[in-house]
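Enquirer: The chain contents come next:
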Amino acid sequence: MSTIAGEKPALIWALRLSVVLLVGLWLFPTVGLFVSSFRSADQIATSGWWKALFPSEQNLTLRTAAPETQVAAGDLFVIEGQLFAAGESGEITAWGTSARDVAAFAAGTTTTLRKGGQLTVEADGSYRMTHDAPFEGRRGTRIFVTAVTPPSFSLDNYRTVLISGGATDNLAKAFFNTLTVTIPATIIPILIAAFAAYALAWMEFPGRALLVAAVVGLLVVPLQLALIPLLKVHNEIGIGKGYLGVWLAHTGFGLPMAIYLLRNYMVGLPRDIIENARVDGATDFQIFTRIILPLSFPAIASFAIFQFLWTWNDLLVSMVFLIDSTGETTVMTKQIVEMLGTRGGNWEILATSAFVSIAVPLAVFFAMQKYLVRGLLAGSVK
Amino acid sequence: MHPALQAGLTIVLGVGGCVGYFFFSNLILDRLIFPPKGKHIARNIRRANMLRPWLFLFPALAALAIYLAYPVFETLRLSVTERTVGGGSVFVGAANYQQMLAEQKFWEALRNNFVWLLVVPAASTAFGLLAAQLTDRLKWGNLAKSLIFMPMAISFVGAAVIWKLVYDARPEGTDQIGILNAIYIFFGGDAPQQWLTLPVWNNFFLMAVLVWIQTGFAMVILSAALRGIPEETVEAAIVDGAGPFQIFFKIKVPQIMGTIVVVWTTITIVVLKVFDIVFAMTNGQWETQVLANYMYDKLFRANDWGVGSASAMVIMALVTPILIWNIYNARKEMR
Numbered sequence: 001m002s003t004i005a006g007e008k009p010a011l012i013w014a015l016r017l018s019v020v021l022l023v024g025l026w027l028f029p030t031v032g033l034f035v036s037s038f039r040s041a042d043q044i045a046t047s048g049w050w051k052a053l054f055p056s057e058q059n060l061t062l063r064t065a066a067p068e069t070q071v072a073a074g075d076l077f078v079i080e081g082q083l084f085a086a087g088e089s090g091e092i093t094a095w096g097t098s099a100r101d102v103a104a105f106a107a108g109t110t111t112t113l114r115k116g117g118q119l120t121v122e123a124d125g126s127y128r129m130t131h132d133a134p135f136e137g138r139r140g141t142r143i144f145v146t147a148v149t150p151p152s153f154s155l156d157n158y159r160t161v162l163i164s165g166g167a168t169d170n171l172a173k174a175f176f177n178t179l180t181v182t183i184p185a186t187i188i189p190i191l192i193a194a195f196a197a198y199a200l201a202w203m204e205f206p207g208r209a210l211l212v213a214a215v216v217g218l219l220v221v222p223l224q225l226a227l228i229p230l231l232k233v234h235n236e237i238g239i240g241k242g243y244l245g246v247w248l249a250h251t252g253f254g255l256p257m258a259i260y261l262l263r264n265y266m267v268g269l270p271r272d273i274i275e276n277a278r279v280d281g282a283t284d285f286q287i288f289t290r291i292i293l294p295l296s297f298p299a300i301a302s303f304a305i306f307q308f309l310w311t312w313n314d315l316l317v318s319m320v321f322l323i324d325s326t327g328e329t330t331v332m333t334k335q336i337v338e339m340l341g342t343r344g345g346n347w348e349i350l351a352t353s354a355f356v357s358i359a360v361p362l363a364v365f366f367a368m369q370k371y372l373v374r375g376l377l378a379g380s381v382k
Numbered sequence: 001m002h003p004a005l006q007a008g009l010t011i012v013l014g015v016g017g018c019v020g021y022f023f024f025s026n027l028i029l030d031r032l033i034f035p036p037k038g039k040h041i042a043r044n045i046r047r048a049n050m051l052r053p054w055l056f057l058f059p060a061l062a063a064l065a066i067y068l069a070y071p072v073f074e075t076l077r078l079s080v081t082e083r084t085v086g087g088g089s090v091f092v093g094a095a096n097y098q099q100m101l102a103e104q105k106f107w108e109a110l111r112n113n114f115v116w117l118l119v120v121p122a123a124s125t126a127f128g129l130l131a132a133q134l135t136d137r138l139k140w141g142n143l144a145k146s147l148i149f150m151p152m153a154i155s156f157v158g159a160a161v162i163w164k165l166v167y168d169a170r171p172e173g174t175d176q177i178g179i180l181n182a183i184y185i186f187f188g189g190d191a192p193q194q195w196l197t198l199p200v201w202n203n204f205f206l207m208a209v210l211v212w213i214q215t216g217f218a219m220v221i222l223s224a225a226l227r228g229i230p231e232e233t234v235e236a237a238i239v240d241g242a243g244p245f246q247i248f249f250k251i252k253v254p255q256i257m258g259t260i261v262v263v264w265t266t267i268t269i270v271v272l273k274v275f276d277i278v279f280a281m282t283n284g285q286w287e288t289q290v291l292a293n294y295m296y297d298k299l300f301r302a303n304d305w306g307v308g309s310a311s312a313m314v315i316m317a318l319v320t321p322i323l324i325w326n327i328y329n330a331r332k333e334m335r
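Residue numbers (the UniProt record's numbering), protein chains in the order written: chain D, 1 to 382; chain W, 1 to 335.
Keep in mind the hints are simulated off the structure, nothing from the lab.
Please read these numbers as outputs of a predicted model, since none were measured by experiment.
Where a beta carbon is used, it is the ideal one built from N, C-alpha and C, also for glycine.
Mixed in with the good hints there might be a few duds.
[Said to hold, decoys possible] Quick list of the computed label-pair ranges, beta carbon to beta carbon:
| no. | chain 1 | residue 1 | chain 2 | residue 2 | range |
| --- | --- | --- | --- | --- | --- |
| 1 | D | 295 | W | 95 | 51 to 59 Å |
| 2 | W | 188 | D | 327 | 15 to 23 Å |
| 3 | D | 281 | W | 47 | 26 to 34 Å |
[Said to hold, decoys possible] Quick list of in silico lysine-lysine cross-link-like pairs, DSS-like style, CA-CA up to 25 Å:
| no. | chain 1 | residue 1 | chain 2 | residue 2 |
| --- | --- | --- | --- | --- |
| 4 | W | 139 | W | 273 |
| 5 | W | 252 | D | 8 |
| 6 | W | 105 | D | 8 |
| 7 | W | 273 | D | 241 |
| 8 | W | 105 | W | 273 |
| 9 | D | 8 | W | 250 |
| 10 | D | 115 | D | 173 |
| 11 | D | 370 | W | 139 |
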């Protein structure tokens, strides 16, 4: 009744169509990357990824089998076979034997070769070459074909990026480094923040309101300000660049959000439960661990997802606090940025690497979207 | 030590350390310092309860002080000093700021940042509102929403790769593999364009990436706000003969204005800190510099801490009004 479209069918259809368009627009770039990660370098470079989903017409240069495979049949010498390599297929529409006229003949026709002999190429790629004298030479005859090839995808890029690739192409190490950064950097702030949030929500002490205000203020302090001063601190106390430094930095930067989210949630818990527990003689420590912490699970999950996404996707903090000149501790985001610089044209490696790095957050996102939305709502709607 | 082992150890030590700290500090407070027995029992309990909040708060406060509060003041100090050979520093007053203001790149960054500030929050909020309203009563609205929301999970670097493919250009005459150039040629464009190197316009192509990411956030928040609007107000408007657009702009939007402001300011802060997208896609070349990337350039490439800190203070100054506004709102709400 109260939809914006009212009850007019035309408007309802316009509405549905515009939603489809909007979703398509938002999905399209990511799908492009995803599709490209399954295509070979040649395929990516010669045709748009949106064409990869349909059979495409391509100009290919193929070769017949070598003369040494010829067999004598009666008084003819014959070479027979299939132009397409094993595992590939296509439908040939035209072919030629000269680079100057690649579409001279239709599929199924027979022509006389320059060096003598007859050649027939069928639409499915099978050919038959006959000659009354033996074929000579070491290599087969080149044939130019115009063929409609079905979509073809492979996992080769993923093999390169995850297993077999060289130092700059291989993302496996960076993947584990990212994981190593992310997990402690997600878990540790939760505990510290939970205790502080409980104190700010349920304990009476002078200066509480001021502290809450301070946390709200620190929420928006740009972490750019912290880079040099903290790097100095880390160098002075001997941490230098490394995992410990990046864990501490992520903990510090994540705390305001964590405290804010958890405090807002804890304040909303029913007062009766906590007061009853107090009357029954529970200490604050017991109230916190036995009542507040289990009840706050949704808020903790929300923050954990935020912090996970943020640390996994982070580039700046890792560059400043973690990655030293040896590059041993590089994370995925940093390695991809380097690939963008040095191998900007190698889309098959880039697309696959990018997809490997966003696959984990996407999985977390779709699995735990409920908590993410809840956290966003608690974190910004006042 | 293998990093994975080190990470495992850190988790155990970190978590164990935290739990141990909280547990034992409480134990010591209750058993040893102020035991609730003897002739001072009432006084002891009172004192223990006065101290306890600070035990709970201490690790968080220490981390916040070192990692966020101290750097603000230290950056301020660095911005008015110059490093000297041997690790010392001397006070130079406003010299770093003067040097920064004299640089053309700084003004370019500032100008671009202002355009970002105008365009990205507005576009993200508008698209978010549109998406929230359109999907509101749709059966498959939730699916549509989660697909629009999805870029939120993608890193800025990942998004940079995704959009570089969109903006890719191949030589004239060959098949275009970037969708934007393919569309451009399809609709009669003459030669493929290098979108990211076209000054002025390339800024908007970079902004599109952030709008693409932030729209989902705006949509989720605004969609919840739209659902919170009392049905009666909309029904009353329908009875009075209001059309769908009137209902949207005159009934719904005014009621969620508060939320729109919150979304707008949240995205504004993201924009002020935008770094990865520019760093990965153009690195500030072709007149696309922004403040955060300018600062990174100064700090880590030119190694000029003075000017770098000065530009960081500019970002801080731009954030400050929002900071004050947030604190003001939070305090109002607490009363």
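Enquirer: Indicate, hint by hint, whether the structure satisfies it.
Expert: Quick rundown of the hints versus the structure:
Range check, residue 295(D) to residue 95(W): Cβ separation about 55 Å, and the 51 to 59 Å hint holds. Between residue 188(W) and residue 327(D) the beta carbons are some 47 Å apart, a value that contradicts the proposed interval 15 to 23 Å. Distance hint for residue 281(D) and residue 47(W): a CB-CB separation of about 18 Å, inconsistent with the stated range 26 to 34 Å. Using a Cα cut-off of 25 Å, the hinted pair residue 139(W) and residue 273(W) is violated, with the two alpha carbons roughly 37 Å apart.
Proposed proximity of residue 252(W) and residue 8(D) is supported: the alpha carbons are some 20 Å apart, at most 25 Å. Simply put, residue 105(W) and residue 8(D) have alpha-carbon atoms about 54 Å apart, too far for the 25 Å limit, and the pair is violated. Of the pairs offered as hints, the one joining residue 273(W) and residue 241(D) holds, with about 23 Å between alpha carbons and a cut-off of 25 Å not exceeded. For the hint linking residue 105(W) to residue 273(W), the alpha-carbon distance of about 17 Å falls within 25 Å, and the restraint holds.
For a cut-off of 25 Å, the pair hint linking residue 8(D) to residue 250(W) stands: about 20 Å separates their Cα positions. Restraint check for residue 115(D) and residue 173(D): the C-alpha separation of about 55 Å exceeds 25 Å, so the hint is violated. As the CA atoms of residue 370(D) and residue 139(W) are separated by approximately 18 Å, the hinted pair is consistent with the 25 Å bound.
This entry does not satisfy hints 2, 3, 4, 6 and 10, going by the numbered hints stated previously.
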